[in-house]
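**Student:** The chain contents come next:
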Amino acid sequence: MNKPLRRIAIFCGLLVLALLIRDNYLQYVKADQLASQKDNRRVAIQRYAHPRGDIIVDGNPITGSAVSKSGDFKYKRTYKDGPLWAPVTGYSSQAFDGSQLEKIDDGILTGTDDRLFFRNTLDMITGKPKQGGNVVTTLNAAAQKAAYDGLAKQGGKGAVVALEPSTGKILAMASYPSYDPSSFSGYSDSDAKAWNSLRDDKADPMQNRALRETYPPGSTFKVVTAAAALENGLYKSADEKTNSPLPWTMPGTTTQLKNEGNIPCENATLRTALQYSCNTVFGKIGADLGNDKMLAEAKKFGFDSEQFTPVRSNASVFSDNMNQSQTALSSIGQYNTAATPLQMAMVASAVANDGKLMKPYMVDKLQSSNLDTVEQTEPQEMSRPLSSENAQILQSMMQTVVEKGTGTNAKIDGVTVGGKTGTAQHGVANSANPYAWFLSYAKLSDGSSPVAVAVVIEDESANRDDISGGGLAAPIAKNVMQAVIQSKK
Amino acid sequence: MSSTTNSPTHHTSTIGAIGAPSRRNTELALLVFAVAIPVFAYANVGLAINNQVPAGLLAYGLGLGLLAGVAHLAVRKFAPYADPLLLPLATLLNGLGLVVIWRLDQSKLLQSLKGFSPAAPRQLLYTALGIALFAVVLIFLKDHRVLQRYTYISMAGALVLLLLPLVPGLGADIYGAKIWIRIPGLGSLQPGEFAKIILAVFFAGYLMVKRDALALASRRFMGLYLPRGRDLGPILVVWAMSILILVFETDLGTSLLFFGMFVVMLYVATERTSWIVFGLLMSAVGAVGVASFESHIQTRVQAWLNPMREYELSRQVTHDGILHSDQLQQSLWAFGSGGTLGTGLGQGHSDLIRFAANSDFIFATFGEELGLAGIMAILLIYGLIVERGVRTALAARDPFGKLLAVGLSGAFALQVFVVAGGVMGLIPLTGMTMPFLASGGSSVLANWALIGILIRISDTARRPAPAPATNPDAEMTQVVRPS
Chain D
1 MNKPLRRIAI FCGLLVLALL IRDNYLQYVK ADQLASQKDN RRVAIQRYAH PRGDIIVDGN
61 PITGSAVSKS GDFKYKRTYK DGPLWAPVTG YSSQAFDGSQ LEKIDDGILT GTDDRLFFRN
121 TLDMITGKPK QGGNVVTTLN AAAQKAAYDG LAKQGGKGAV VALEPSTGKI LAMASYPSYD
181 PSSFSGYSDS DAKAWNSLRD DKADPMQNRA LRETYPPGST FKVVTAAAAL ENGLYKSADE
241 KTNSPLPWTM PGTTTQLKNE GNIPCENATL RTALQYSCNT VFGKIGADLG NDKMLAEAKK
301 FGFDSEQFTP VRSNASVFSD NMNQSQTALS SIGQYNTAAT PLQMAMVASA VANDGKLMKP
361 YMVDKLQSSN LDTVEQTEPQ EMSRPLSSEN AQILQSMMQT VVEKGTGTNA KIDGVTVGGK
421 TGTAQHGVAN SANPYAWFLS YAKLSDGSSP VAVAVVIEDE SANRDDISGG GLAAPIAKNV
481 MQAVIQSKK
Chain C
1 MSSTTNSPTH HTSTIGAIGA PSRRNTELAL LVFAVAIPVF AYANVGLAIN NQVPAGLLAY
61 GLGLGLLAGV AHLAVRKFAP YADPLLLPLA TLLNGLGLVV IWRLDQSKLL QSLKGFSPAA
121 PRQLLYTALG IALFAVVLIF LKDHRVLQRY TYISMAGALV LLLLPLVPGL GADIYGAKIW
181 IRIPGLGSLQ PGEFAKIILA VFFAGYLMVK RDALALASRR FMGLYLPRGR DLGPILVVWA
241 MSILILVFET DLGTSLLFFG MFVVMLYVAT ERTSWIVFGL LMSAVGAVGV ASFESHIQTR
301 VQAWLNPMRE YELSRQVTHD GILHSDQLQQ SLWAFGSGGT LGTGLGQGHS DLIRFAANSD
361 FIFATFGEEL GLAGIMAILL IYGLIVERGV RTALAARDPF GKLLAVGLSG AFALQVFVVA
421 GGVMGLIPLT GMTMPFLASG GSSVLANWAL IGILIRISDT ARRPAPAPAT NPDAEMTQVV
481 RPS
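If you read the sequences in order, they're chains D and C.
Heads up: the first sequence begins at 1 in this note's numbering, then just goes up one per residue.
Heads up: the second sequence begins at 1 in this note's numbering, then just goes up one per residue.
Treat the hints as calculated values from the structure; they're not laboratory data.
Worth double-checking, as some hints may not be accurate.
[Said to hold, decoys possible] In the DSSO-like style, the derived pairs of lysine-lysine whose C-alpha atoms are separated by at most 27 Å in a straight line are:
hint, chain 1, residue 1, chain 2, residue 2
1, D, LYS130, C, LYS108
2, D, LYS3, C, LYS108
3, D, LYS69, D, LYS38
4, D, LYS356, D, LYS103
5, D, LYS130, D, LYS74
6, D, LYS443, D, LYS130
7, C, LYS108, D, LYS69
8, D, LYS356, D, LYS300
9, D, LYS103, D, LYS128
10, D, LYS488, D, LYS153
11, D, LYS258, D, LYS241
12, D, LYS74, C, LYS210
13, C, LYS142, D, LYS38
14, C, LYS114, D, LYS193
15, D, LYS202, D, LYS299
16, D, LYS404, D, LYS443
17, D, LYS74, C, LYS108
18, D, LYS365, D, LYS411
19, D, LYS443, D, LYS489
20, D, LYS193, C, LYS108
21, C, LYS210, D, LYS69
22, D, LYS236, D, LYS404
23, D, LYS145, D, LYS488
24, D, LYS38, D, LYS236
25, D, LYS103, D, LYS145
26, D, LYS411, D, LYS356
[Said to hold, decoys possible] Okay, the calculated bits of chain D under chain C, using three or more residues with CB under 8 Å as the criterion:
hint, segment
27, 14-28
28, 31-42
Think of the CB as a built atom: it goes at the ideal place given N, C-alpha and C, for glycine as much as any other residue.
Just chain C, same shape as in the assembly:
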């Protein structure tokens, strides 16, 4: 971080109003692009599918512009020194996601599926709510350190959220994963998305207090610092919780996400590589252990290893009692048919993925219609968000802020990796959503809240220290500097 004094003549002040320039205008300029690109994409889809500019283009452009403008004003007013990239990047992804969700709404094949209803209007509503939540975070969370107070409440809250889907009558088993709850009149909700943020708060608060004990009190064994038994407790609890999610909610993605986030934060807090080794070993044991008896997980691994066989099985009547799905193979075909430059928005056939084409598998539509070039751009946008998040952690001055920022960024990175890696066949498929792109209210709300918290931390980190009160005796004051 560069430190500049306000004026070259006042060299004598010990503490100046130092800090980065606010960069709010940069953010505004970037936001213009972040709105213009999805509007252009929207026109593109309309021209490709109906041969005409979509009727709602102006409304969509104004709507997205208005939302971005509100978010920008909120940042300008309540977090003036925040990182200028996070908001435009999130807006761009959210806008593109809306366009592609609308594009899939136009698919005759998807319309013919049972239970179809247009997802784009819903997503637009949730985007508005998400940005409202973003603004609420900025307005009411004046300082992220406040969250520290709620460490143990967060833990309880996260546990409740995670266990809600298991409550009879409330939870809904949708296509094998019990990660949903139904709220009458509101539709379904994925509490795991919110639990991600709340858990990060708990981990950050807990680790900040315990990090010295975890880092220093350990025995050396074969070059590794092994933790003491009593310090092992929390990590074992989190591990057990992940396993429970995996077993009872059959949700590989969430389980992996939480454990991964915890290991990352633990490592940052203790600066001990041994925790990573330990974490990897435990997740390996957990994963293999659960996979040995969970048929749902076994099927996913089988499908990942041989998607073509899974596709063929899905075409036949099988007697093994397992629901086979051609989704992964369809997704791979979508990517392959997209090729280097893609078919062009609106001109692909990713609707062949059918169910979940606009949620878990929306990345495949991007792959087919925008091609390798578009996917690389989107992956880099995600990469940028993550790296800006880690940079915020680096810049943060308090350990709680550092831990919270890296936890949230790490979770975001893991989620992107797990989802994109899943639909591209790099790792077994898990049912999670691509942040901002996928159709899904909980996901949009939670991720806007996540960006809000990161922006709050970055604002605190980059805010210039308050200028010292003007001292009439400044000229005469002797400054003693430690050398």
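Only chain D is shown next, with the shape it has when bound in the complex:
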């Protein structure tokens, strides 16, 4: 019986061999693929096994990590002043993924980014626990606080964006109402409850209004129209009389374009027209220049394209294929024109920076856990919507607005401020309350411009007559500018 026994021995050996081959296939050949499959919960467990890196403002972290009490995810995200910074950080939740900076720079923050490989390997050898890197932002804590507090005091919905004109650094980015991302960063029932109630909130607190909401810009768009007039040589200076009849009937229609109140707009100079915010003057400029030229100028300011700060903003809108009267309406910020607060801050910053528009950004650098710089963002010129001379003409016009026009609420002692108010009609037949806009910049005595701001407030509860860019939005812009100037000193 020994011959079949030997064969049985071989057969049993083959069984073991088959298992060995299968195991090698599973644990060597397919191991990486299985280990990184997203449904493999170990991927998520690993992700939360170490404290996440921080998002840093002015050298201080605005985020943190805490040990979660339940579940198999060890660390959860915490936020200091969550509602204040939510439009900057976004959220990182164990149950609900992440958004904005938390999501975009997730690799750095969790420490899995390839650029941290060397650091991680070194830490592994020296036995240091794995840690994520940091994201250092360009934001200014004082300006952010001024912006958020201003919006909160106002109580309606709104947003503020402040830029440093010379670099494009985002100094403030506030949105109101806001939310606390800490409230749903874990995996428990209370996190789910917080998430659901935020989702169901009619005020939509999780909307980043600074980047993702487009509003009709109203009269603030006249700055763009003025720039187009100067750039296209329609008018050469701020004090040259324009060819503006009053009343003015829009071309191809029998509709007269109206001004708010009885203001001196007939053949007004550009300066006067901006000072009083004449619809007739700027509407006619748009019609005279035509859709193509207006569109080209708007595009130079960043309209019709999304911005990546690196958080994506919605594209602001200036339409194509409009007839003359539609172009006229669009040129005073109505009809189809729509802009994000970031877009209008870019407009103000381009004017303040002598016509040069810098690409807006909010991540200064990415750091490894030991604070080595992994990536540094260099300021980048995006376009030149204005020549230097024309920019200065526009500056002097905007300064008149603040000194003796609609924007006097933004005046700061010892600082030259230029601005433009806007009260944008919206709703069917202007039934809803208008949006109050203000965009401005500050210039110091040395000629440098540290800050440009755009503020928008949508307040459905306010008395309609109280809503005006100069009244509601300008004081907030002033506080933000002051905060930036203070922190420069």
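Given the coordinates of chain D, assemble chain C onto it according to the supplied hints.
**Tutor:** Structure of chain C alone, referenced to chain D:
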């Protein structure tokens, strides 16, 4: 086998005290490793999970050492010539199994499951009982050929054991497989594990008697020797029994195990390849036949072919009335995440398998925490046990011993293959336990008994033939040797 005479001067004896050296000290030395390695692993788990050496380390080490020592002494006293590898290998596996069961007891996720109770103390108790059973086998089974007498009683006993789970009130349907019986006050028992051994005794006894008839009386047809109709009877009975287990207890593993064991023993007994061909054909017919109407089997095959789909179905509310399980996919992830070297004991997340993580799926925990390297070592340990078993069969001098040894080893090999192959996705999943590693009292008891019987057979096989009585006329005796 080498044959040595006691002294080079006595060339004239016809029969000397020949046989292998006893190797008991080798066994003892190996046992030291077999105890030390699990103790080290236990410390390892404690350090990884609680950052401290587990409080019970000394007790565990002493306990395992004591059990191994008792087993060793039993072998030394009652089976001095036994194979020296079987006991240390079984001890090592049992010790590692205990460590990993304890490690899974520490999992918060498993603790939160309904009906959780620590399995390690229970397993330790069963290990002690298992080793006691091992010693009882060695003490009371002086010669394995005694078992031959109980051929037909064994058959009856095995049938009763296999049918017990179907008895209303006694059997328990746990997660779709009716292979358990509940004994009030004792917990549940898997009679199939014991039936394995008893059936091997029956097959060995039956085949030893019938092998000539089965081997020689057959007709040649297309190059194969086909058995006569009346000799076909027993194989058909076993086949039918396997099918019945498959249908009524929905236990693919046990069914496959019994039929496989029978075919192996039949082949060894008759030395006819035709029986293997015949056996494979019959199992194929049986499996396909049953799978065509058993939804439980169909689901298992589906899950094996596409574990990811099964995982996704298990996350949804399905309306097909079938209980979908993510276990296989979770097990594959555990193996994959373990990779080449593993995460280290206590540092994996195989508890994500949840139910049955420490029984049917314990191999996945080994895969994740010890990695490819550890799994290969464990598979080789199993391989060694099986090959030592087959070697015992080769060495055995009586056909009954040969058949019994190869039957038990073959069944052991098939069980390892079916379980490990199942959790690694090589073959469809069946609900069986990994011998010695998995948590489960019946399994530990039965496998220690199995090792006991193998050791008994190997002791008989390797025992030197008794020295002839001293013959004062030895010098003068003329020895006639057939040339």
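**Student:** If a hint holds in the structure, say so; if it doesn't, say that too.
**Tutor:** Results of checking the hints against the structure:
Between the alpha carbons of LYS130/D and LYS108/C the distance comes to roughly 24 Å, so the proposed pair stays at or under 27 Å and holds. Restraint check for LYS3/D and LYS108/C: the C-alpha separation of about 53 Å exceeds 27 Å, so the hint is violated. The hinted pair formed by LYS69/D and LYS38/D meets the criterion: a straight-line CA distance of about 24 Å does not exceed 27 Å. Taking the CA atoms of LYS356/D and LYS103/D, the gap is about 31 Å. The hint is violated against a cut of 27 Å.
With a CA separation close to 13 Å, the supplied pair LYS130/D and LYS74/D stays within the 27 Å bound. For the hint linking LYS443/D to LYS130/D, the alpha-carbon distance of about 46 Å lies beyond 27 Å, and the restraint is violated. For the hint linking LYS108/C to LYS69/D, the alpha-carbon distance of about 12 Å falls within 27 Å, and the restraint holds. Distance hint between LYS356/D and LYS300/D is fulfilled; the C-alpha atoms sit about 10 Å from each other, no more than 27 Å.
Taking the CA atoms of LYS103/D and LYS128/D, the gap is near 25 Å; set against the 27 Å cutoff, the hint holds. Of the pairs offered as hints, the one joining LYS488/D and LYS153/D holds, with about 25 Å between alpha carbons and a cut-off of 27 Å not exceeded. Simply put, LYS258/D and LYS241/D have alpha-carbon atoms about 20 Å apart, close enough for the 27 Å limit, and the pair holds. Between LYS74/D and LYS210/C the CA atoms are separated by roughly 65 Å; this puts the pair beyond 27 Å, and the hint is violated.
Restraint check for LYS142/C and LYS38/D: not satisfied, since their Cα atoms lie roughly 58 Å apart, outside the 27 Å limit. Taken as a hint, the LYS114/C and LYS193/D pair is honoured in the structure, with Cα atoms around 25 Å apart against an allowance of 27 Å. Note on LYS202/D and LYS299/D: the hinted pairing is violated, with a Cα-Cα distance of about 33 Å set against a maximum of 27 Å. The suggested pairing of LYS404/D with LYS443/D holds, with an alpha-carbon distance near 17 Å, which does not exceed 27 Å.
Taken as a hint, the LYS74/D and LYS108/C pair is honoured in the structure, with Cα atoms around 13 Å apart against an allowance of 27 Å. For the suggested pair LYS365/D and LYS411/D, the alpha carbons sit about 34 Å apart, so the restraint of at most 27 Å is broken. At most 27 Å may separate the alpha-carbon atoms for a hinted pair to count; LYS443/D and LYS489/D meet this at roughly 14 Å. This hinted pair checks out: LYS193/D and LYS108/C have alpha carbons roughly 24 Å apart, not beyond 27 Å.
The straight-line distance between the Cα atoms of LYS210/C and LYS69/D is roughly 68 Å, outside the 27 Å bound, and the hint therefore fails. Restraint check for LYS236/D and LYS404/D: satisfied, since their Cα atoms lie roughly 23 Å apart, inside the 27 Å limit. For the hint linking LYS145/D to LYS488/D, the alpha-carbon distance of about 16 Å falls within 27 Å, and the restraint holds. For the hint pairing LYS38/D with LYS236/D, the CA-to-CA distance comes to about 61 Å; that exceeds 27 Å, so the pair is violated.
This hinted pair checks out: LYS103/D and LYS145/D have alpha carbons roughly 24 Å apart, not beyond 27 Å. Only pairs whose Cα atoms come within 27 Å are accepted, and LYS411/D paired with LYS356/D is accepted, the gap being roughly 24 Å. Counting residues of the segment 14-28 of chain D whose CB lies closer than 8 Å to any CB of chain C gives 11, so the stated coverage by that chain holds, three being the minimum. With 10 residues bearing a CB less than 8 Å from a CB of chain C, the segment 31-42 of chain D meets the requirement of three and the coverage assertion stands.
When each numbered hint is compared with the structure, violations occur for hints 2, 4, 6, 12, 13, 15, 18, 21 and 24.
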